[in-house]
Each structure stands twice: as C-alpha cells, then as structure tokens.
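Engineer: Sequence:
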Amino acid sequence: MLFNSLEFLIFFPVVTILYFLMPYRFRWLLLLVASCYFYMAFVPIYMLILGFTIVIDYYAGIYIEQSEGSRRKMFLTMSLITNIGVLAVFKYYNFLNENISFLLKGFALENPIPYLKILLPIGLSFHTFQAMSYTIEVYRGKQKAERHFGIYSLYVMFYPQLVAGPIERPQNVLHQFYEKFDFDYQRVTDGLKLMVWGMFKKVVIADRLAVMVNQVYDNPFEQKGIPLLVATSLFSIQIFCDFSGYSDIALGSAQVMGFDLMKNFDRPYFSKTISEFWRRWHISLSTWFRDYLYISMGGNRVSKWRREYNVFIVFLMSGIWHGASWNFVIWGAMHGFFLIFANLTVDYRNKIVAIIGIKKSPFFYKIIQISTVFCLTSFAWIFFRAVDFKTAYYIATHLFTGIGEQLSQISNRGFIEKNIFLGQGISNFAMVVFALIVMETVHYFQRGQSLRTVLNQQPVLFRWILYYGIILAILFLGMFDAPSQFIYFQF
Numbered sequence: 002m003l004f005n006s007l008e009f010l011i012f013f014p015v016v017t018i019l020y021f022l023m024p025y026r027f028r029w030l031l032l033l034v035a036s037c038y039f040y041m042a043f044v045p046i047y048m049l050i051l052g053f054t055i056v057i058d059y060y061a062g063i064y065i066e067q068s069e070g071s072r073r074k075m076f077l078t079m080s081l082i083t084n085i086g087v088l089a090v091f092k093y094y095n096f097l098n099e100n101i102s103f104l105l106k107g108f109a110l111e112n113p114i115p116y117l118k119i120l121l122p123i124g125l126s127f128h129t130f131q132a133m134s135y136t137i138e139v140y141r142g143k144q145k146a147e148r149h150f151g152i153y154s155l156y157v158m159f160y161p162q163l164v165a166g167p168i169e170r171p172q173n174v175l176h177q178f179y180e181k182f183d184f185d186y187q188r189v190t191d192g193l194k195l196m197v198w199g200m201f202k203k204v205v206i207a208d209r210l211a212v213m214v215n216q217v218y219d220n221p222f223e224q225k226g227i228p229l230l231v232a233t234s235l236f237s238i239q240i241f242c243d244f245s246g247y248s249d250i251a252l253g254s255a256q257v258m259g260f261d262l263m264k265n266f267d268r269p270y271f272s273k274t275i276s277e278f279w280r281r282w283h284i285s286l287s288t289w290f291r292d293y294l295y296i297s298m299g300g301n302r303v304s305k306w307r308r309e310y311n312v313f314i315v316f317l318m319s320g321i322w323h324g325a326s327w328n329f330v331i332w333g334a335m336h337g338f339f340l341i342f343a344n345l346t347v348d349y350r351n352k353i354v355a356i357i358g359i360k361k362s363p364f365f366y367k368i369i370q371i372s373t374v375f376c377l378t379s380f381a382w383i384f385f386r387a388v389d390f391k392t393a394y395y396i397a398t399h400l401f402t403g404i405g406e407q408l409s410q411i412s413n414r415g416f417i418e419k420n421i422f423l424g425q426g427i428s429n430f431a432m433v434v435f436a437l438i439v440m441e442t443v444h445y446f447q448r449g450q451s452l453r454t455v456l457n458q459q460p461v462l463f464r465w466i467l468y469y470g471i472i473l474a475i476l477f478l479g480m481f482d483a484p485s486q487f488i489y490f491q492f
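So in the working numbering, spot 95 of the sequence shown is number 96, and the numbers just go up one at a time.
Hints listed in this document are in silico derivations from the structure and should not be mistaken for laboratory results.
Please read all numbers here as calculations on a predicted model, not as lab measurements.
Wrong hints could be hidden among the right ones.
Derived lysine-lysine pairs resembling DSS-like cross-links, with alpha carbons at most 27 Å apart [stated by the list, open to error]: (1) 181 x 264; (2) 264 x 367; (3) 74 x 145; (4) 118 x 145; (5) 352 x 273; (6) 145 x 273; (7) 391 x 106; (8) 181 x 194; (9) 273 x 360; (10) 143 x 74; (11) 352 x 305; (12) 194 x 264; (13) 273 x 367; (14) 181 x 143; (15) 106 x 118.
Have a look at the derived ranges for each label pair, beta carbon to beta carbon [claimed, not checked]: (16) 461 x 118: 56 to 64 Å; (17) 116 x 24: 46 to 54 Å; (18) 301 x 97: 29 to 37 Å; (19) 351 x 450: 27 to 35 Å; (20) 118 x 190: 43 to 51 Å; (21) 477 x 372: 16 to 24 Å; (22) 400 x 118: 34 to 42 Å; (23) 415 x 45: 48 to 56 Å; (24) 45 x 15: 15 to 23 Å; (25) 10 x 441: 21 to 29 Å; (26) 372 x 411: 20 to 28 Å; (27) 21 x 372: 43 to 51 Å.
All C-beta atoms in this analysis are idealised placements derived from N, C-alpha and C, irrespective of residue type, glycine included.
Generate coordinates for the entire structure from the input sequences, incorporating the hints supplied.
Structural biologist: In structure tokens:
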C-alpha cells in the first residue's frame, strides 16, 4: 500500500482511531493485523517469505540468549545465513547468474544454471537488515530476546517503516510496543504535520521533478550538455524529496500513535564534506553499516591503510545493498573513493586553502564546500539513476559536450523550455522552483531544530497560510495522477 494512495488515506485514520479506542493489551494485535494487510496490499504471497524469516529469527534470538560458547555463534550464524540467503535468492541470484554466463561465454561455454522468474518482494532489504540487527544485538548482549512472538513480529512488520525504513534497532522500538500511549493532541497534530510535510516533498516536488528527469534519462542518447546537467541535478533533489518524504510520513504516522522512530535525514545537501553527507543521508542505513560491518572489521582501531580499506568495503557493500547491478556497485565504490581521497588529502587541501586565504570569507568558503559536495554526489547519482552502465557512461561523458554552442542559444525561448525546463513549460517549472524555495527555507530555519519548533516560532497567520497552501498543493497536484511508487521501494 502506497502512502500517497487513496487506500492509505482510508487505512491510516481507521487504524489510528481503532488503536486509540482499543484496550492497551490488544493494540499490538491490531497493529500486527494492520501491518500484514498493509504489506499484502502489494503482493500477498510474499507475506509467506516474511513470515518464514520472522519465525527463524524469533527462535534464533531465544536460543542465542539461552546458549553459551560456540552454540551462541552457531545460532547467530544460522539466522544470518537464512536472512542473507533469502535476500540473495530474490535480489542477487539472477545478477550473479548473468555474470557467470558472461564469464563462461568468454570460454565458449554455456551456463547450465537456470534463471528464476521472480519479483523482488517490496522492502526486502529493509526488513531483512532490521531482523539481522535484532539477532546481532541479542548475541552482543545488548538486547534481551523477545519472548512474545506477536511483539517480535510487529518489530519486523510495523507498517510505517516496513517497506522503506528507517531501519530500526530493537533497543529503540521493542519496548515501545509495551508502552501505553494515550491520545495526545499536541503529539497527534505534530505527527500529522510531519506526514503532510512528507507528502508535500513527494507529491509536489519529487513527482514533478520525476517527469522532468525522465524526459532526459529515458532518452539520454538524444541529449548532451545542458539538459543532462539539469536532469542530473534535478534527480539529486528528486531522490532526496522522494525518500525523505517517505521517511517523514513514516515517522509522522508512528508519532500520531505515540511511537518514536529514528530520524533518517538531516538536511544532507547542506553538508560541507562527503563524510558529513553520510551522517545526514539515510542515517539508519549508514549507522547500520557502521555498527555491524565497519566496527566488526576493526573500525578506527586499525592502521591507517586498513581503515581506508574498511571504508571502501563498507561503501561497496552499501552499493550492493541498493541493487543487483554493476551501476550500484560503481555508485558505492565512488562514494568510498570520495571518502578515502578526502581522508588522505586533508592536510594538503588545508594547506592550499590557507595559501589562498579563502577561509577569510567563511560564508563564501561554506558555499564552495556545499556546492562541491552537491556536485560530487550528483555525479555519483548518475550511476544510481541510469538503467545500465552504458547509459550511465554516456551521460557521465557528455555532461559538458556542446555547452558552448548551447549557451549561444540561451536567449531562445524554445531552447530554454526544451533544455532547461525539460519540456515542462515555464509555469510548471516555476511551480517546482517555488516549492523548492519553500522546502529549503524550512530546512534553513531548522538547523538542528524539529519541524514543530520551527513552525511554532512563526506567526500564527503565516503558519496557517503555509499549512493550507501545502495541503492545497498536494490535493491539486495529486488528485489527478495515479499514485507513484517511492524510489526506495525497489530495494
């Protein structure tokens, strides 16, 4: 079920009203049934896969806690193999098979391994990682094994964050399913505002930008120069608004019922370094890799070169997590390279900055840093968005082709509408720009504060004009279009 669908517009208030009317002891059951219905609205049969891993991990947690010595590691290993195995079959089997076929073809051999005609279950990577965090934390002794099967199932299946995160830790969520949340007007309205804000980013900005980006990325070989640059930059904004919009709706819908989920985005395009970007972007995933992979490999407790190797492996795995394609592998490797390069050249770059004296103008220096990070991440997004490596390579190598000739036509209205507005017309383009200004203005005033705090600091009249304006924009732009899937559902 999509958050931006009519079904969810009915589902959410019905479930929420029943939640508050129902006795505390039955609320977990309501949420579990609602979460099952929510997930089965996509492909019902895949509920069996989710149920299978839930049963395995539930008993694995109990046996890990009860066991000692090597038996504890054995049960953890069984749990991890099961989860990774399910993920490997549905997400990576055909990708690996394709590469085996390619290698064998070089030796004039046929690949006897058959391909599987299967669909990737919605959100498989997300709830797999959430389930793995539970058994790992039990193994480390940081989390008690959950004895209530229904509560554990709800930990994995809680509908607000089931299909696209945030990827929670058991210490943050499990205890909340036992707590008694009464109806709280302030909390409910704050949650609803966050949901509306997320919907604004998705429907008003991301979906409008998607039309413009698709105009170029669906026919990239017919483009060069300015339209490729514009579409690539717009995709950076589109994917942020799409994914952070989902996260806001997830956090908001959970908050309405009293639950506190972890923050997943923190104004990432205001980052001044790539490492800061990854502290602000998809926080639940980046901290997952830090806690369960990077630290397990030695983290910062190893030699300098070993540390850089660990960083590269983590980002390589992050790329693979996102998709079964060499494009995603390259995307992850690029971010790993960016970080390693930054770490190894920090002293040289600081000396150059000191010689130039650019730090004497802090604001200008900050603008350069933020712009550099945006350009680097946008360039890497090419490999994330393009359908295959051939397409990504073409776009990456033709970003600046013919720009001189194109700039000579910049005064031509038809050229501007086709190459800068990407065929959307000045009115649509202006509407998107205005929505972006609204979003970035809010982000600027946030600066470490919650959305609620920022809004409450504004005059009452301004707040209500903003509320109604956002709601009208969502209704006007969303009511005539079929709901579009969130980008991260494919992972």
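Engineer: Hint by hint, note whether the structure agrees.
Structural biologist: Okay, the hints, checked on the actual structure:
Our distance criterion of 27 Å between C-alpha atoms is met by residue 181 and residue 264, whose separation comes to about 22 Å. A distance of roughly 25 Å separates the Cα atoms of residue 264 and residue 367; the hinted pair therefore holds under the 27 Å criterion. For the given pair, residue 74 sits about 16 Å from residue 145 by alpha-carbon distance, which is consistent with the 27 Å threshold. For the hint pairing residue 118 with residue 145, the CA-to-CA distance comes to about 40 Å; that exceeds 27 Å, so the pair is violated.
Proposed proximity of residue 352 and residue 273 is supported: the alpha carbons are some 17 Å apart, at most 27 Å. Taken as a hint, the residue 145 and residue 273 pair is broken in the structure, with Cα atoms around 39 Å apart against an allowance of 27 Å. About 20 Å separates the Cα atoms of residue 391 and residue 106, which keeps this hinted pair within 27 Å; it holds. A C-alpha spacing of about 23 Å is found between residue 181 and residue 194, which places the hinted pair at or below 27 Å, so the restraint holds.
Annotation: proposed proximity of residue 273 to residue 360 holds, straight-line Cα distance about 13 Å (limit 27 Å). For the given pair, residue 143 sits about 15 Å from residue 74 by alpha-carbon distance, which is consistent with the 27 Å threshold. Between residue 352 and residue 305 the alpha-carbon distance is near 21 Å, which keeps this suggested pair within the 27 Å criterion. Between residue 194 and residue 264, the direct Cα distance comes to roughly 16 Å. Compliance with the 27 Å bound is thereby established for this hinted pair.
Between residue 273 and residue 367, the direct Cα distance comes to roughly 7 Å. Compliance with the 27 Å bound is thereby established for this hinted pair. At most 27 Å may separate the alpha-carbon atoms for a hinted pair to count; residue 181 and residue 143 meet this at roughly 24 Å. At roughly 22 Å between alpha-carbon atoms, residue 106 and residue 118 fall within 27 Å of each other, so this suggested pair holds. The given range of 56 to 64 Å is respected by residue 461 and residue 118, whose C-beta atoms sit roughly 58 Å from each other.
One distance hint, 46 to 54 Å for the beta-carbon pair residue 116 and residue 24, holds here, with the actual separation near 51 Å. With their beta carbons about 33 Å apart, residue 301 and residue 97 fall inside the hinted range of 29 to 37 Å. Residue 351 and residue 450 have their C-beta atoms about 31 Å apart, which keeps the hinted 27 to 35 Å range intact. A C-beta distance of roughly 47 Å is found between residue 118 and residue 190, which places it inside the suggested range of 43 to 51 Å.
Taking 16 to 24 Å as the suggested C-beta distance range, the pair residue 477 and residue 372 does not conform, at roughly 33 Å. For residue 400 paired with residue 118, a C-beta distance near 37 Å keeps the hint of 34 to 42 Å intact. For residue 415 paired with residue 45, a C-beta distance near 50 Å keeps the hint of 48 to 56 Å intact. Range check, residue 45 to residue 15: about 20 Å between beta-carbon atoms, so the 15 to 23 Å window is met.
A beta carbon spacing of about 28 Å between residue 10 and residue 441 agrees with the range 21 to 29 Å that was offered as a hint. Taking the beta carbon of each, residue 372 and residue 411 are about 21 Å apart, inside 20 to 28 Å as hinted. Hint check: residue 21 to residue 372, Cβ distance near 47 Å, so the stated range 43 to 51 Å holds.
Against the hints set out earlier in the document, violations occur for numbers 4, 6, 21.
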